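Could you put the whole structure together from the sequences, leaning on the hints where they help?
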Amino acid sequence: MGITVDTIEQGTVVDHIRQGMGIRVMDLLGIDKSYPHRVALVMNVGSGKSNKKDIVKIEGILVSEEKTDAIALIAPNATINHIQEGRVVKKKKAELPEKMEGVGKCPNPKCISNHQDVPSRFALDNGEYRCGYCERKFRASELV
Amino acid sequence: MDLISFRDLSKEDVEDYFARAEEMDRQLEAGNVEKLDGIVATMFFEPSTRTKLSFQSAAERLGLQIVDFVGSSSSLKKGESFEDTIRTVDGYADIIVIRHPLEGSARVASEFAEAPIANGGDGGNQHPSQTLLDLYTLKKMKGDIGALNVHLVGDLKHARTMRSLLYGLGMFGAKVKLVAPSGLEMARDAIADVKRKFEMEVEETETIDFKDADVVYVCRIQEERFEDKYEAMSVKKKFTIKPEYLQGVKEDMIILHPLPKIDEIPPEVDKSKYAKYFEQAKNGIPMRMGIMKKMLGSARQKKG
Chain A
1 MGITVDTIEQ
11 GTVVDHIRQG
21 MGIRVMDLLG
31 IDKSYPHRVA
41 LVMNVGSGKS
51 NKKDIVKIEG
61 ILVSEEKTDA
71 IALIAPNATI
81 NHIQEGRVVK
91 KKKAELPEKM
101 EGVGKCPNPK
111 CISNHQDVPS
121 RFALDNGEYR
131 CGYCERKFRA
141 SELV
Chain B
1 MDLISFRDLS
11 KEDVEDYFAR
21 AEEMDRQLEA
31 GNVEKLDGIV
41 ATMFFEPSTR
51 TKLSFQSAAE
61 RLGLQIVDFV
71 GSSSSLKKGE
81 SFEDTIRTVD
91 GYADIIVIRH
101 PLEGSARVAS
111 EFAEAPIANG
121 GDGGNQHPSQ
131 TLLDLYTLKK
141 MKGDIGALNV
151 HLVGDLKHAR
161 TMRSLLYGLG
171 MFGAKVKLVA
181 PSGLEMARDA
191 IADVKRKFEM
201 EVEETETIDF
211 KDADVVYVCR
221 IQEERFEDKY
231 EAMSVKKKFT
241 IKPEYLQGVK
251 EDMIILHPLP
261 KIDEIPPEVD
271 KSKYAKYFEQ
281 AKNGIPMRMG
291 IMKKMLGSAR
301 QKKG
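Protein chains in written order, with our numbering: chain A, 1 to 144; chain B, 1 to 304.
What the hints contain is simulated information worked out from the structure, not anything from laboratory work. Please read these numbers as outputs of a predicted model, since none were measured by experiment. Careful, some of the hints might be misleading.
Said to hold, decoys possible - In silico DSS-like pairs for lysine-lysine, Cα to Cα no more than 27 Å straight-line:
| no. | chain 1 | residue 1 | chain 2 | residue 2 |
| --- | --- | --- | --- | --- |
| 1 | B | 261 | A | 99 |
| 2 | A | 110 | B | 261 |
| 3 | B | 195 | A | 99 |
So this is what it looks like as structure tokens:
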């Protein structure tokens, strides 16, 4: 038996999220119990032959370009759909950004960005992210 | 102009530092150093006798004045933020030399300060003036760095100088052999980085054989890095540069070390013709003079 989730009039649908990462996507977008509009998190949806995926539908916000790229850190193949008047008006695949500021956190406990009030900063370097402060390299998924 | 990370430098930048250090060497030799006007603040949040003395001595030789901030005993203990401390000292000095245990601290300092920042070591990350003086030593003693076969020996995992040095050697096209005990090898990403960027030839081994080396660069293996004390002792013993390791090496091979050394090089080797680490340390003076002179020049330009 299927689960029916209402379509949204105005907002964002994040689709093709790697199974299990839907909750992390909500965290990243700052969606918590204080959020006033309708939100649907659908987990373990059948997708293709044997793959499963998560979907997040959020009414009321159009997720920014910067946040779209940040989603790529945890859900590399996700698509971000902006919905207006019930229709998809913009569709974008999450792509790892070349540079990020204020997105993600350096996993190195000795990095100054974890001790001082400075925005985190990363630059893509051969498929991994180099911290702009401690200069260490990390996999994208380690930053969120 | 700051000096934060060796990674920020191009080969041309490094060659410019060489030329400046050479000029300083000439002036020192002639006993006629052109005096400059300015104040250098040294901010060492963790102990480092050598780097601090070297910067201070270089500053004195340039006729600069020094104000010294002693990290442990001053305002940081009272809870002042790093940012405020840097901003305050920035008002007192024309150049700030900083050492701090947190990685990336010098980068952050450079964003808060108007004065040029020289990174004197930020945790396990960078120590660019050391790398510059190491490369300058190679150039001075050996000429073409690109023609050298360099063995980096010891704890290559934790020694920050080794990572930057590998990068610098790659920049000039040298051949490198990494000689480290198992578990203390150079970080994989550091090796991949230089291979990709400079198409560098890097060999890794646990076996000590210096016969093909032009340069042997040694760093210390700390006992604390090992769980097993017996293993620590046997590894330390193997990685002590014993006189027999020097049999059959090239006549003009040189041994370098960032200092301080404890027991990894015995006194017999100190006396050999190969030992060049004290000359290497001395090269810190012209190099740091060159660095500070360049910084003062750029600060003037910015203001004028």
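Status of each hint after checking the structure:
With a C-alpha separation of about 40 Å, the suggested pairing of residue 261 of chain B with residue 99 of chain A is violated against the 27 Å cut-off. A hinted pair counts as satisfied when its Cα atoms are at most 27 Å apart, and residue 110 of chain A with residue 261 of chain B qualifies at roughly 25 Å. Restraint check for residue 195 of chain B and residue 99 of chain A: satisfied, since their Cα atoms lie roughly 23 Å apart, inside the 27 Å limit.
Of the hints listed earlier, the one the structure fails to meet is number 1.
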